[in-house]
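Chemist: If you want the building blocks of each chain, they are given just below.
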Amino acid sequence: MDIEKREYAYYPGCSLEGMAKEFDIATKEVFTRLGIKLSELADWSCCGATAAHYKDRLLAYALPARNLNLVGKSGKSEVAISCAACFSRLKTTTMQLEHDSKLKAEVELVLEEKYEGGVKPLHILEILMQSVGTARLQALVTKPLKSLRVVSYYGCLLVRPPEVATFDDLENPTSMDKIMECMGAVAVDWPMKTECCGASLTLSKSDWVLNLVEKLLREAKDAKAQVIAVACPLCQANLDMRQIDLQNQKRIDFKMPVLYFTQLMALAMGAQKEKLSFHRHLVEVQSTLGAYLNQ
Amino acid sequence: MARIGVFICWCGENISRTVDVVKVAEAMAGVPGVVTSVEYKYMCSDPGQKIMKESIKNDALDGVVVALCSPLMHEKTFRTAAEEAGLNPFLLEVANIREHCSWVHENKEEATKKAIAITRSTVERVRYNLQLKNITVPITARAMVVGGGIAGIQAALDIANGGHEVVLVERTPSIGGHMAGLSETFPTLDCSQCILTPRMVEVARHPKIKLYSYAEVESVSGFVGNFEVKIRKKARSVDTSSCTGCGICQEKCPQKNIASEFEEGLGKRKAIYVPFPQAVPNKPVIDRKHCLYFTKGKCKICEKVCGPKAIRYEQEDEIVEERIGAIVLATGYETLPATFFPEYGGGRYPDVITGLQFERLASASGPTSGELKRPSDGRRPETVVFLSCAGSRDLAKGISYCSKICCMYVAKHAMLYQHKVHGGKAYVFYMDVRASGKNYDEFVRRAIEQDKAIYVRGRVARVYEKEIEGVKKLVVKGADTLLGEQVEIVADMVVLASAVKPSVGAAALAQKVGTPYDQHHFYSEAHPKLRPVESNTAGIFLAGAAQAPKDIPESVADASAAASKVQILFSRKEMERDPYVSMVNSDRCFGCFSCEAVCPYRAISRKEIKNRSGEVLKVVAEVNAGLCQGCGGCIAICRAKACDLAGYTDQQIFSAIRGFNTTSTYEEEVVKK
Amino acid sequence: MSMNMNMKFEPKIMAFVCQWCTYTGADLAGTSRMQYSPYVKIIKLPCTGRIDVQFIVKAFEEGADGVIVSGCHPGDCHYTSGNYYARRRFEMFHELMSFVGVDMRRIQFAWVSAAEGRKWAELVNEVSKRVEELGPFNVFHALREQANELNP
Amino acid sequence: MNSIHEVREEARKLLEEKRVGMVIGYGKGKGKKNYPIFITDPQKVEELHFESDCFYNLAVYLRKPEVCSHGKLAIVVKGCDARSVRGLFSENQLKSEEVVMLELKCDAKGIGRDKCTTCRVKNPLTPEEKNPIDGEIAKILAMPMEERFRFFAEEFKRCIRCYACRQICPHCFCKTCIVEKSEPQWISSTPSPLGNWSWNFTRAFHLIGRCVECGECARACPVGIRLDILNRYLAKSVEEKYQFIAGMDEKAAPPLTTYKQNDNQDFIR
Amino acid sequence: MKSYNSSIVTKQGLKQLIENILAHKYRLLAPKKSGEQLSFETILRAEEVVLNQLLRTMTTLSPKEVFFPRTEPVLRYTGQEMHDVEPPTPETVLFGIRPCDARGLELLDKVFTWDYNDKFYLKRREATTIVTFACSDQASVDEHCFCLGVGGDPTASSGSDLLLSTNGDDAFLLEVITEKGERLLNSCKEGVELQASDKRAADQLEAIKDRFVRKQDLTEVRHKMPEYFDSDQLVQETYRCLGCGICAMSCPTCHCFDIVDEPKAGTLGEGARVKNWDACSFALFTKHAGGHNPRELQCQRCRQRYFHKLAYYPQKFSEESLCVGCGRCSRSCPVGLDIYQAVTHVLGKGRA
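One line per chain: the protein sequences are A, B, C, D and E, in this order.
Quick note, the first sequence lines up with residues 309 to 603 if you use the working numbering.
Quick note, the second sequence lines up with residues 2 to 674 if you use the working numbering.
Quick note, the third sequence lines up with residues 90 to 241 if you use the working numbering.
Quick note, the fourth sequence lines up with residues -14 to 254 if you use the working numbering.
Quick note, the fifth sequence lines up with residues 18 to 369 if you use the working numbering.
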């Protein structure tokens, strides 16, 4: 296990600038409390996300490669990433370019510079579990989320494909659950940890996504969860936003807040609720989590 | 000066159509040392062979080249003929001018030139052929069988009944293997123990079988017919000669909550125990990891209650040595544990079990006396889902192969379940049903048609626990690919037909024995079709599931085949082998032992060269001709050229190279004529 | 090189092959009556592991213009591992040969199984054509001629 | 050890306590020359000497019968000698319990053709940096094939077969060299262009994965053949391909006596 | 001995002389830089002869190779037939050897004629005219030179046909020593300005001798040598010898050879029996077919070389040593062995 590092390069990614702003805020809050500096990369750009990956193979590697080079230029060899999709794209790129010299040459042609390699993308969950460790996390908890029933939802990209996402079990990931336990919450086992939420089909096939989200929420409800913890902006958006549609179209109201796991962490570590932008969520948070918010 | 005869075959028109054989004969006649060079329509015919044989005698030949078809075809024929004529057979070489020349070239001039070159090169090579003699190796007619499952038992009995002594080594306290733990067997549904235990008893009583149970192979040295084996007899803490097997120790032992290996963890055993009632030998063993005396230093109840005073706490592992002529590896298999499948909740949900565990639940001698109960709460399972191919044929799980036995035992399980829980529902998720074997498909059909097992073609993605009406149920989510639908089944129990893999330690044993294994650690056979029960190492034979997943009939057939191979080997006092073995010139060898490193057969040993007063001057390599298979790897790696390979000596190859690149002007003129 | 100006260049190519796979594969090419270039001549060895780099050097010394080395595919070795050792040896041989300026288009390593008669025929044709295009291995043959000049 | 004084002290002890029969080291010759010396008398350890022109690879003496007859030996080693000694261990030429290595940091400058400039084991006895492509190797690699061939053929042509390269090499320990083998005579022993090519090629091949790049062969060569470039290039290739550096780990198998199932085979059809 | 005239010749004149030699189709051999080495090679253009360099640096290998090549065929065979080989003997001028080398040839003459007249050596000797360059530059002598100790002289003329030495900055003294030398000069002096002189190199170059650091006389050593045959000190002196053949191969007087049959590559049944340089320092040199080696240890092989040079040859042929003190062996020895040092050292210490 690594000795705890004091500074990482930080790649927030587009979502965290926009609709997942609260994820960014909460993550930074947690890391500040841990005493770890996240230095945001200067001039970072989009990783291409699923869009580039669908449309243009070269672009899907060139975009992350550009950002990886920025990490190198900033003098760091590891980059912390919050967004599951960004993490997946950057990590896939490092692995692919290491082995595929032809692709590497093509990417370099696009970048108009050498792809230097040697950068290790790390998801913040990975950093928290492997470098920081549960003991230290536990030590920082000032307002434990006592008896709050949380189901952790990992979705697809945090554990798949297993060659890329290597820090947790492919079939039964537990890192987020363990963190929730450290925060004093009850990590509820449920069967949907790694099921898909429909992801970007949310726009083109919204009825499919609605079905998937319904199943997820139902299981969460059946597991008597009070809140769903996530680590992916798109998962959050789908699970949160589609509850409104379910209400409108199917008359089902789950009232299930969907929070970024760092939001819950920050809360347990004593951050002010105002700071954590709970108001940005569509499903009302106050009524379920009131007790914890107002601690 | 050599006296070489060259005999060129027309092979009817097969060679002569494109090779001017007369010219070849003429060209060879001009080669120094060639005393006769003739061509004939069919050299392999009796009159053709006669020409060669007479020439060997009349011309006092000391080397022969026959230019004809591939040596794979007729080398043996002509060498035998040469021997009959009084010539050492290894002084004859074949020049392949048919498969490698006349059949693949159309231009007659070019083909003739090439035929001349091939024949010339062979002439140059044959000058340096040595008179070789087949190697004879003495044979110790005593076999060792490793593994006391059904394959090992069968092999041991067959060899012993053939009149040869057998040493049977079993790792656990009793022989019997997995078969002893099965409930009923497909496709007849006869009781497994009923057919096995008589065999086990026969082993125990057989005067020619020496059984080492609770023992492991420590090391193997030597070679076919002459192995020296060290066996570690693990400390049993019980003197088996005085123990009567009364069982009082087991009864009185206070340590009772140890998961029983035999019961696949579903039952309990004591710290001193006999694994199962019919065990052979029926003598207990102390599990020192759990024994109170060994862990805490006090108890000794077993010693106190033992009438014949057979408890030996101070016993240590013992190494015994055996001289052996052949080894049968029958180390069997194990299956992937349920914990290997987190997606199915293996290890988390007690009611997700493996096929072998189901066998115990269904077995009349099992922890539930054959009643089907859920391990979690003892309830009768109303719905059971069987998942075949759990891990098998799944590259994501690292297993590409089919475990072969599962389709059949899953059908059997479904049937047994129906017989025990009337009205219960058995679902089987499958990828394909592979039931090729005598009465096998009929058996599966019976499961489906008579016993109403519901077969769903598709795989299961996830199993999770869900409390429904106060009962913990298992939700099985999968796909029905025939209907193209996702299915969800709420079940009481899930049985994983988890993949078969070689026993733990199979690879380590292979390394001790010096025999190859594949990436999954299954032992490799010498030839997948023609030598399925032989390993690549002479004298090492394979039986049962150690080589690949196999069911009982196959394992038994294998075992008998291996036993028969052993007996063929033992049918002679000495064994004859090709003389193509490596040799070391100990004067040139300076002992870097690169050869030792690259030898796949561990045929290189170290020999000390001493002076008259016994001081070691140097250590050099020595080839054990019994082990050497003649690959020649040692020679290519030897910088000092201290090794050489009989039949393929450096000098022969050197001359062949020189012979090829040289076409003398004379030969060229012959072609142009 | 005894090549007359108006004679066609007939390359001398020597093939060192293992008896279990490639030799048998070449037999198969024969029984299947595949036609191929006549310039390649085979020397049969038990295993590619037996093939000493000295054989190849000697072949060139004696006037070869090209060399083929072929045996069983990895995993198929009759002796289980001979071709693996050979593969490393040939890789380093390749390194050294090209470093001292031997055009490695003249030396072809291949795996040809007993079932690959077609591959053998193609290999022979390919190497023959390539060596024919490269012409006689004059820089090396020059050494031989200089050596022979010392013995006038 | 940090200084020659410590080495002398250790050597004295070893000899006095009869733990070794001989100490091999450097002595000071006339002028500023240093030669290998062989000390059996503990009184004479003061003759041991070490300075920047002690460039010999002393490990070569460990295979001389008259040296070996002294039983256990102690030897003063620099980086390259130590690599050679370990190489000899790994090839069963010496037993590690029979040799005491007296290690010294080396700042040898080499002589003439700076054999020490490409050295990477001065101190400590681990590689200091990745084997760099040195200028001379780069120069060869920049040549077209035929030019390379001519370059080496011309180099090898000068060879007079004095075999100094072989004799000075600790790793050429065959008692009878391949060139001294007849029946068949794979390599002509006549100093002619053809035999010279094969001889020098074969020696380089035989040193693959074994050469410790001490450069003694090139230093010894009276006609100045650049054997060092060849050997350095091959050492570099071995390191790149098999992550093996000769003489670093006496337990590691020399790369040509082992294999991996997924070894490169791009060059094989 | 008939005394011949000396003349002064300018640098330009010498160059003209070399050009004339080439023009008269002589094969001209002179030290030439190849790589970093100076070796005797065929000269095609006069400017390839760099006078300054050949005066200052000694060739690594001696000129014995001109008469006794490192390899040469002595007979050829085709199948069962054998053919004599006639050595090619073009009229040759060997230019720029040192007086020690020239003396070496005189010593070799005895070896190649005492029981058998080696036609290969003798025919080449006959066809070759030797133009020696006396060690007349300050840099001609280095710390390895010890010809004075073995009966030589940096300005001696024995063995030479013509002797050159420096005479001031831009001129040379050219002495005619033999008739062969005179013939060469006469046939090639067209356009060469020769100014008669009565000087001799030996007279005016006495000062060079002061350059020698090795002056101890070894000529008398031969009588003492047998006492040291089993000397431990000699063993100590040669303990570091590694058994390469540099000393013998660079030596102007070492003359051992090996006979091997060389098949002609690319043919069968054709080949030549060749004579290759050999060296007594090689372990194989005295190894018997049965495996026994009477000179088992390297120091014994070294001793053989020293004794052959300083004791056996003088006993057999003359009072002269077979060593001319050129210093090549110690200059090239990779472990710094040195015959002069070893012998003087051992003798200096007295009997072991």
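In case anyone wonders, no lab produced these hints; they're calculated from the structure.
Each hint should be verified, as a subset may be incorrect.
To be verified - Here are the computed lysine-lysine pairs in the DSSO-like style, where the Cα-Cα straight-line distance is at most 27 Å:
1. A:K558 to A:K451
2. A:K486 to B:K530
3. D:K142 to E:K232
4. D:K80 to B:K608
5. B:K608 to E:K292
6. D:K3 to B:K619
7. B:K478 to A:K532
8. D:K18 to E:K232
9. A:K412 to A:K381
10. B:K619 to D:K160
11. B:K619 to D:K90
12. D:K18 to B:K611
13. A:K558 to B:K467
14. D:K142 to B:K611
15. D:K3 to B:K611
16. B:K467 to A:K529
17. D:K236 to B:K608
18. B:K611 to E:K292
19. A:K454 to B:K109
20. B:K619 to A:K486
21. C:K218 to B:K109
22. B:K426 to A:K523
23. B:K530 to C:K218
24. E:K304 to B:K619
Unchecked claim - Label pairs and their in silico Cβ distance ranges:
25. A:K345 to D:Q228: 34 to 40 Å
26. E:E123 to D:E82: 31 to 37 Å
27. B:H521 to C:Q124: 55 to 61 Å
28. B:H528 to A:K410: 38 to 44 Å
29. B:C195 to A:D497: 54 to 60 Å
30. D:K13 to E:K241: 57 to 63 Å
31. C:E99 to D:Q228: 28 to 34 Å
32. C:E238 to B:R607: 45 to 51 Å
33. B:I249 to A:P469: 54 to 60 Å
Claimed, not checked - Some, not all, of what chain B presents toward chain C, calculated at C-beta under 8 Å:
34. V105
35. F295
36. T296
37. C300
38. F444
39. P580
40. V599
Virtual Cβ for every residue (Gly too), placed ideally from N, Cα, C.
Chemist: Is the distance from the Cβ of B:I249 to the Cβ of A:P469 consistent with 54 to 60 Å?
Modeler: 58 Å, holds
Chemist: Just to be careful: measuring from the Cβ of B:V105 to every Cβ in chain C, is the smallest value less than 8 Å?
Modeler: This hint holds: B:V105 lies near chain C, its Cβ roughly 5 Å from the closest one there, short of 8 Å.
Chemist: Would the hint linking B:K611 and E:K292 be met if the CA-CA limit is 27 Å?
Modeler: Since the Cα atoms of B:K611 and E:K292 sit roughly 38 Å apart, the hinted pair is violated (cutoff 27 Å).
Chemist: For a C-alpha distance cap of 27 Å, please report whether C:K218 and B:K109 respect it.
Modeler: 20 Å, holds
Chemist: Quickly compare the C-alpha distance for B:K619 and D:K160 to 27 Å and report which way the hint goes.
Modeler: Holds, because 11 Å separates the two Cα atoms, which is no more than 27 Å.
Chemist: When you check the alpha-carbon spacing of A:K558 and B:K467, does it fall within 27 Å?
Modeler: 24 Å, holds
Chemist: Holds or violated: are the alpha carbons of D:K80 and B:K608 at most 27 Å from each other?
Modeler: Roughly 16 Å between the alpha carbons, so the hint for D:K80 and B:K608 holds.
Chemist: Between the alpha carbons of D:K18 and B:K611, is the straight-line distance 27 Å or under?
Modeler: Violated - the C-alpha atoms of B:K611 and D:K18 are around 41 Å apart, more than 27 Å.
Chemist: Is the Cα-Cα distance between B:K530 and C:K218 27 Å or less?
Modeler: Judged against 27 Å, a Cα distance of about 38 Å means the pair is violated.
Chemist: Indicate whether the distance between the beta carbons of B:H528 and A:K410 respects the range 38 to 44 Å.
Modeler: 40 Å, holds
Chemist: Note whether the CB distance of C:E99 and D:Q228 lies within 28 to 34 Å or breaks it.
Modeler: Once the Cβ atoms are compared, 44 Å apart, the range 28 to 34 Å for D:Q228 and C:E99 is violated.
Chemist: For D:K18 and E:K232, compute the direct alpha-carbon distance and say whether it is at most 27 Å.
Modeler: Roughly 20 Å separates the two Cα atoms, so the pair holds.
Going down the numbered hints, you'll see the structure goes against 1, 2, 3, 5, 11, 12, 14, 18, 19, 20, 23, 26, 27, 29, 30, 31, 35, 36, 37, 38, 39, while the others check out.
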